[in-house]
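K.L.:
In case you want the letters, here they are:
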Amino acid sequence: MAKELLKGNIAIAEAALRAGVDAYFGYPITPQTELLEHMSRRMPELGRVFLQAESEIAAINMVYGAACTGAWAMTSSSGPGISLMQEGLSYIALSDVPAVVVDIMRGGPGLGNIQPSQADYNQLTRGGGHGDYRCIVLAPATVQEAIDLTVLAFDLADKYRTVAILAGDGLIGQMMEPAQLPPMRERSRTRPPWALTGARGRPPNSIAAFGLEAETLEAMNWRLQAKLQRIRQTEVRCETWLVDDAEILVVAFGSVGRIAKTAVREARAHGIRVGLIRPITLWPFPYKPIEQAAAHARAVLVVEMNTGQMVDDVRMAVCGQAPVYFHGRPGGSVPVPEEILERIVELSKED
Amino acid sequence: MAKELLKGNIAIAEAALRAGVDAYFGYPITPQTELLEHMSRRMPELGRVFLQAESEIAAINMVYGAACTGAWAMTSSSGPGISLMQEGLSYIALSDVPAVVVDIMRGGPGLGNIQPSQADYNQLTRGGGHGDYRCIVLAPATVQEAIDLTVLAFDLADKYRTVAILAGDGLIGQMMEPAQLPPMRERSRTRPPWALTGARGRPPNSIAAFGLEAETLEAMNWRLQAKLQRIRQTEVRCETWLVDDAEILVVAFGSVGRIAKTAVREARAHGIRVGLIRPITLWPFPYKPIEQAAAHARAVLVVEMNTGQMVDDVRMAVCGQAPVYFHGRPGGSVPVPEEILERIVELSKED
Amino acid sequence: MDEQIAVVNVQEQLVYARPRALTEETTNYCPGCTHGLINKLIAEVIDELGIQENTISVSPVGCSVFFYRYLVLDGVVAPHGRAPAVAIGIKRMLPDRVVITYQGDGDMAAIGMSEVVWAAMRGENITAFFVNNANYGMTGGQMAPTTLAGQVTTTTPEGRDVETMGMPTRMAELIAGLPGSAYVARCSTYDARTIRDARNAIRLALRAQMAEAGFTMVEFLSACPTNWGLSPQGALQWIKDTMVAYYPLGEIKVSEAVQRLKTKR
Amino acid sequence: MDEQIAVVNVQEQLVYARPRALTEETTNYCPGCTHGLINKLIAEVIDELGIQENTISVSPVGCSVFFYRYLVLDGVVAPHGRAPAVAIGIKRMLPDRVVITYQGDGDMAAIGMSEVVWAAMRGENITAFFVNNANYGMTGGQMAPTTLAGQVTTTTPEGRDVETMGMPTRMAELIAGLPGSAYVARCSTYDARTIRDARNAIRLALRAQMAEAGFTMVEFLSACPTNWGLSPQGALQWIKDTMVAYYPLGEIKVSEAVQRLKTKR
Amino acid sequence: MARGRIVINLEACKGCQLCTTVCPSNLIRMANSFNSRGYRPAELVDPQQRCTGCALCAIMCPDAAIEVFREVKVKSQEGSAAEEVVLVVTGPA
Amino acid sequence: MARGRIVINLEACKGCQLCTTVCPSNLIRMANSFNSRGYRPAELVDPQQRCTGCALCAIMCPDAAIEVFREVKVKSQEGSAAEEVVLVVTGPA
Amino acid sequence: MQVSVIIAGFGGQGVLFAGLMLAYAAMDRDLYVTWYPSYGPEMRGGTASATVVIGDEEIGSPVVLHPDAAIALNIPSFRKYEPLVKPGGVLVYNSSLIFEIPERTDIQYVAVPANAIAAEISDTRVANAVTVGALAAVTGMLPVEALIETVDRHIPAPRRATVLPNQEALERGAQLAAELLKQSSPSALPHYER
Amino acid sequence: MQVSVIIAGFGGQGVLFAGLMLAYAAMDRDLYVTWYPSYGPEMRGGTASATVVIGDEEIGSPVVLHPDAAIALNIPSFRKYEPLVKPGGVLVYNSSLIFEIPERTDIQYVAVPANAIAAEISDTRVANAVTVGALAAVTGMLPVEALIETVDRHIPAPRRATVLPNQEALERGAQLAAELLKQSSPSALPHYER
Ligand SMILES: Cc1ncc(C[n+]2csc(CCOP(=O)(O)OP(=O)(O)O)c2C)c(N)n1
Ligand SMILES: Cc1ncc(C[n+]2csc(CCOP(=O)(O)OP(=O)(O)O)c2C)c(N)n1
Ligand code: SF4
Ligand code: SF4
Ligand code: SF4
Ligand code: SF4
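Taken in order, these protein sequences are the chains called C, S, B, X, V, Z, F and G.
One point on numbering: in my numbering, the residue at position 6 of the first sequence is 6, and numbering is uninterrupted.
Every number in my numbering is 351 more than the matching position in the second sequence, counting from 1.
Every number in my numbering is 702 more than the matching position in the third sequence, counting from 1.
Every number in my numbering is 967 more than the matching position in the fourth sequence, counting from 1.
Every number in my numbering is 1232 more than the matching position in the fifth sequence, counting from 1.
Every number in my numbering is 1325 more than the matching position in the sixth sequence, counting from 1.
Every number in my numbering is 1418 more than the matching position in the seventh sequence, counting from 1.
Every number in my numbering is 1612 more than the matching position in the eighth sequence, counting from 1.
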């Protein structure tokens, strides 16, 4: 298929369609609204379910219900809406049903603004609701990657029966880039055996995110943890670039990853030995690759569009092997390559 | 004043009254409901405001409104309810108004159960909503400390104009212990200058958790960060016990802290050199004291009533100086001293 | 006349048995709690309509959190108050299944107000069973939206003051007032007659859903002897004497389509 | 007859000025957006009642997020849909202040349904100004609860299908049906007469609040020329020709207490 | 008058006494013993076989603990009527 | 007929044209120039002084950009009436 | 020095109040004490328990796996706690409802026909106090007089009518235990005689 | 090799579409390109901008602080971007609405009476295309024919009526720039002639 000039939000929506999403439930919020709007047109066209929910809380619970029938269901939102979904996500996570959530992050806290940001790192990667769970979190840096990771999100959600979140920042949602969409998948899925479809000729299925007795719930928790451990072991993804000889290691995700790349390229042109690690899975976090790369680094620079939410993870990965610095722009400001380059040059001069 | 046999929930409610709370808004949820119930009787008695809200979302937003008038307002809940408050908390945090939230934690994720747990560590300490903010989080280990920290929560919330959370686990909420309540404070507070009271003879005040332009919101974010940094520098609290010569360092908070204490005492009786650090402020986290204590430890054991949510913080504090082990009981199970002792003995045998 | 003489035997016949759609498990409900009775009635109607293998339940958070298990149905437990949204997610995927929610008054009328209003507003083809016991049962008897004026609960120690807490919520009337609701009835289970009426209402609501008439709801005035501090019998009496006066029983809304069903049978 | 002859001068008098309670700042509203007009009317009434220093505003999330700044009042911006809850928090602390909320239709009728229903149910003494422009303005014209049947929006490209999305929400009627509401009116601002009626409704709502009559609400049918794809004049015409037919103007509920106020003046 | 009989599932009974209040002939009372869940179950005391199988008790029982049998006159052509109804029995008999 | 005059705040005007549609004498039109926010403001074109100060335009203006003055006959006892109303003027004149 | 007691039974049997009697008595004697309730998944009814830990130093864990003593008011509680009581500990049980055969030899069993005795006094609602009285007497952990005093001091106004029956029940339980003690040796649990 | 352009103006001036013309033309020539929109706090109206980065290698940052070229369609945009354009870069501006006096000497100014020209063609709505045509011609970054082709290829069915006016506007802008170029030297920006 040929490349098209695609806006991130539309590309994600279209990728979800092609991956095989059965149902979309959502509520408007900038900067993701085009995704909702695209779905409102395309889902009915394809004979699938689209419903504009009355709120984000309703949306995530509709997703929960649809997912319980074995369908591939999704929603999309941005920071404030994701906050409202936390209880629902916590239920879904313990229920072992698959769901995909797209978060096109904007400035926070509070109402914040509609400019690009990465202010949701903590609430996405720490299992922002109550209880011991995590969601898979995928962070694309280009429109093409947004497409690819959307498809992956469905496959991972399905494989592990869990929540997979596509964490785009406002840049990814709003920008256009030539990209190639995958072909429309054949949808011949059969309902999984655990799905709620009416107990026809079999004992009833039930889905319940609780265990009133401590022993029951403890066992459910350890089972969930075992699954999360499997995901940690198999699903870590990141891009490493020029790290082999890097004395300075830049760590940045999402569109900051690509912006940092420009800075790294220019720094290399200045003769500075600098490399880049771009986590693609924010959870599970690429601790190992960063630990290894940090082993021979003199300094690690984390760059984010927030006040340093990923720094904890990087510090844990680096584990004291090198000092960890931070450069960040919260509240909707986007760092430009120049300022990152400046920090790199600064660090290269320290000894 | 003499000691009384007090249930944690009641003690916290009564301490809030004596600290000077002006308004309480809440919604029932086990295991904190006695707190709400106590307030329903006592607040009207004292001529203060009590309102049973229709939901946790309404409750936190009523707290927001009341706090905007310069009042001391509070709510209380447990895991699922706290999840629903995340958007509101994020707004309050950026608004620079004081608020106190009590979370009596229960088993999670999802509906979980009503047994004691520490399943909300992440959502409380990571600024569970969207954006770059943190709340002060205080974790009592005894009913007496619950009283003292409740008073402190109000004072800190007021001092820093921020959210202070009292994070009790279900044990603290449900158990009774003799404890002493503070005397009723004189309440002669004047409305602070920023409060919304009607713009009488002054320009209007406004409170808004947003900045539509990136520059504005970025500046607001850095201002908030500066405040958080001040809190980090001045408000760290923890209990250290027998750590000076400890080869094994146990880190546990809340009621697990006291349970671990019994185990440590017994281990000492067995001649094992073990000490305990009990974080009292979960945020800001006592990184320094743990780092120092870990400097001469052979092993660090984190014990929690969850699957290890505090471990990240401890690992960052220990920073590779010693291996960090974890013993946890999620889902409402409570670790008993025997099992902790067992782990300590195990670790003491490894070399 | 026919010469044949019929041999007439006296046989013992089972005239009332536990419905098949009701599990054999003993419930967690308190003695005399009419949640049990309502569960049983729903099971009876499901048996009668033969839709057990075609029905999916959505349970609330509250004393009836195990509804999904007491009824022999595929089912899920929704977060507190969100049963309608979860049910909508299910129904939109499987429009030919019967989807039912079961919610307490705290669950539906307090935290879940938005979800149920929206289900009714959109005329979602689901059936809500709404159990109004005038308090929050599971959490120990706090004021619910439906708590009567002056009623003492653990959070209204002086009785519900309608000046500060508002008048009790008449959910059936509220839902009936919305455009998408097709059938709304208020029932109780305090005697054989009200039980029969309740069973009829349940049946009609489910038939209406099967006929895609829109949102249907049956409200039940239900006893919570434990938190009311009354004996089971006293609790039923209180419903009859006190609750019914504020919450009148009967059909509150019958859309034309449902009216046709009714006459058709 | 009196012998004195009055000296009659012709003087120029300012007969219409920008209200004092309205900031001098230019708003962010689009050209022809009647949010501006409604803001102005509210400011005029606040001037008239002399309550500027006694009034606290709660703004929504939506095009009118800056309402707190356009009106020269103490004010706060509530999270999306939660203005009533925030206003209740304020009012319960300061019962002698006038507390007003200003909400769009997405804000109040969709995500904020529960909060506003509950404010009305409890008869909270606050006044809600509800701006019904039949779509989500700020986010670019998606379907709102109030979007008319068949109306094309960015999320109803084929027009709102009431089969799947339900009938448009008549908030004024819904709120009027709840026990705690004292005064509910629906107005518009498409001509001098409707503007006058709107001003009267605003005045009565605020006076009712000051008399502690209960929850009051004024709904405005408001133009969103930008997202409707109409000229400002065309947009007003559409309100008059199309919206009013589904959303009748007038007073929907006047409690006895408010009726007394009305006659008293 | 029809003759009937009820079977109370002692383990399912929670001792709420509602059945006792509706029996028109006052034939149900509470046992003196406890079941394994700590409740005092109801029991039929009907020495004179006055139970008509009216089923009011069963209808009223919130715990579906009562089954009701009634004697009916059937034309025994195939003798199958009784068998048929037996199929309805799914609870613990 | 009363005589009137309107003052349009050119920077506040957003060029929505609503005032032009309500003026009974059709005295308002849109300027050819732009204001600093990029809008073409309204202007009063009233060479014959036909404006009656009816204020319909101002009432209609969503941006409170119009002030209306009207000539009135006053008994000049203290000559204060005009002064009083001046106090009402708070917007940019 | 610490002693831990778990009291367990059906929801309605006054398990929590039984624990409170011990807790208040301990507090009145300036001892450290914790009281911790636990409910089963039943809404009401079902099985409940209260754990009371009393000591003369700060109490670590308010929950215990192996209590020094247990009171079982119904069969499920007997079955659950019989194996858990610490060797050398005491198991007081309500022999009006529990007909199990004791299996362990390393703990002391105290069979108290609590319902029967309570019925003699007033009604079965004070069966819990009978067992508490027996526990106190058999272990000596707290003087029975202390409990009797405590009941008087801490039962609040609306329930004053229950003071005397509870006191009598404590007394009767203690008497019974004293009888039993004559036949066997006292337990080795800590005594707080102050 | 990359070139970045920021196009800025009032909301209604077709800023985003102007950027799209460049982006599509680049894509059609198999170049890498990113297009990124940005709005001010106004609901509608207010100031908007589009940033287009074109290159023959993977593009890092889709946002730039110092663009190689800028198109200013209104005064606020002129004021904002004049100081930001890279030395050696180009500032095309709509001289129908902008009467500012250029202050820098290290960039090339291209004054285009875009509204006037657009009005000559059809209406002011294609003023944006006039400036894009001028930018293309003056910088040579993309051949004007490529833009003309692109407009034809990518304007979708419901708006086909705008194809011709846009094409004419591009042409007219380019002609004008060619005139201007005769008087000065061409810019030093990258050209993508393929
Ligand atoms: C978000 C959330 N808030 C609160 C609770 C606590 N909670 C559990 S059940 C319940 C109310 C039950 O009352 P009702 O809905 O009336 O049902 P009933 O128990 O009376 O049948 C509440 C508040 C919860 N589980 N989740
Ligand atoms: C929790 C949350 N969800 C969604 C949004 C995005 N949002 C901002 S304004 C708005 C709707 C505005 O529509 P309406 O209330 O009708 O007001 P209008 O702009 O039309 O005046 C939405 C959905 C948000 N800010 N927060
Ligand atoms: S608490 Fe009330 S509603 Fe809940 S099971 Fe018991 S009687 Fe029923
Ligand atoms: S988008 Fe609509 S509601 Fe919002 S300011 Fe513009 S015209 Fe008004
Ligand atoms: S009604 Fe049922 S549960 Fe109640 S006593 Fe009778 S048999 Fe037992
Ligand atoms: S109504 Fe107001 S904003 Fe609109 S054109 Fe006239 S003066 Fe300008």
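It cannot be assumed that every hint is accurate.
Straight-line alpha carbon distances no greater than 27 Å define the calculated BS3-like cross-link-like pairs of lysine-lysine that follow [unchecked claim]: (1) X:Lys1220 <-> B:Lys955; (2) C:Lys159 <-> C:Lys227; (3) C:Lys288 <-> C:Lys227; (4) B:Lys942 <-> B:Lys955; (5) S:Lys639 <-> S:Lys578; (6) S:Lys639 <-> C:Lys288.
One-sided and incomplete, this derived list gives chain X residues near chain S with beta-carbon spacing under 10 Å [unchecked claim]: (7) Val977; (8) Leu981; (9) Thr993; (10) Leu1016; (11) Glu1020; (12) Val1028; (13) Val1032; (14) Arg1036; (15) Gly1042; (16) Val1044; (17) Pro1046; (18) Gly1048; (19) Leu1061; (20) Trp1085; (21) Arg1160; (22) Thr1161.
Where chain X lies over chain B, by a calculated footprint (3+ residues, C-beta under 8 Å) [claimed, not checked]: (23) 819–833; (24) 869–883.
By construction, these hints were calculated from the structure, which means they are not laboratory data.
Even for Gly, the Cβ is constructed at its ideal location relative to N, Cα and C.
K.L.:
Determine for every hint whether it applies to the structure shown.
P.N.:
Hints, one by one, checked against the model:
Distance hint between lysine 1220 of chain X and lysine 955 of chain B is fulfilled; the C-alpha atoms sit about 22 Å from each other, no more than 27 Å. Taking the CA atoms of lysine 159 of chain C and lysine 227 of chain C, the gap is near 11 Å; set against the 27 Å cutoff, the hint holds. A threshold of 27 Å between alpha carbons decides the hint, and for lysine 288 of chain C with lysine 227 of chain C the separation of about 19 Å falls inside it, so the pair holds. A C-alpha spacing of about 22 Å is found between lysine 942 of chain B and lysine 955 of chain B, which places the hinted pair at or below 27 Å, so the restraint holds.
Note on lysine 639 of chain S and lysine 578 of chain S: the hinted pairing holds, with a Cα-Cα distance of about 19 Å set against a maximum of 27 Å. At most 27 Å may separate the alpha-carbon atoms for a hinted pair to count; lysine 639 of chain S and lysine 288 of chain C meet this at roughly 25 Å. Hint on valine 977 of chain X is violated. Least Cβ distance to chain S is approximately 39 Å, over the 10 Å limit. A hinted interface residue such as leucine 981 of chain X counts as satisfied when its beta carbon comes closer than 10 Å to some beta carbon of chain S; here the least separation is about 24 Å, so the hint is violated.
With 10 Å as the threshold, the beta carbon of threonine 993 of chain X stays out of range of chain S, its nearest partner Cβ sitting at about 15 Å, so the hint is violated. The beta carbon of leucine 1016 of chain X comes no nearer than 13 Å to any beta carbon in chain S, farther than 10 Å, and the hint placing it at the interface is violated. A cut of 10 Å between beta carbons decides the hint on glutamate 1020 of chain X: the least distance to chain S is about 4 Å, and the hint holds. Interface hint at valine 1028 of chain X: satisfied, since its Cβ lies 8 Å from the closest Cβ of chain S, which is below the 10 Å cut-off.
At its closest, the beta carbon of valine 1032 of chain X sits 7 Å from a beta carbon of chain S; the interface hint therefore holds under the 10 Å criterion. Because the closest C-beta pair between arginine 1036 of chain X and chain S is about 6 Å apart, less than 10 Å, the hint holds. With 10 Å as the threshold, the beta carbon of glycine 1042 of chain X comes within range of chain S, its nearest partner Cβ sitting at about 5 Å, so the hint holds. A least Cβ separation of about 4 Å between valine 1044 of chain X and chain S falls short of the 10 Å threshold, and the interface hint therefore holds.
With its C-beta approaching chain S no nearer than about 5 Å, proline 1046 of chain X sits inside the 10 Å limit, and its interface hint holds. Below 10 Å, beta-carbon pairs count as interface contacts, and glycine 1048 of chain X has one with chain S at about 9 Å; its hint therefore holds. A cut of 10 Å between beta carbons decides the hint on leucine 1061 of chain X: the least distance to chain S is about 6 Å, and the hint holds. With a least beta-carbon distance of about 4 Å to chain S, the hint placing tryptophan 1085 of chain X at the interface is held under the 10 Å criterion.
This hint is violated: arginine 1160 of chain X has a C-beta 33 Å from the nearest C-beta of chain S, more than the 10 Å allowed. Interface hint status for threonine 1161 of chain X: violated, as the beta-carbon distance to the closest one in chain S is roughly 30 Å, over 10 Å. Remark: the stretch 819–833 of chain B is confirmed as covered by chain X, as 5 of its residues place a Cβ nearer than 8 Å to a Cβ of that chain, reaching the required three. Only when three residues or more bring their CB closer than 8 Å to a CB of chain X does the claim for the stretch 869–883 of chain B stand; here the count is 8, and the claim holds.
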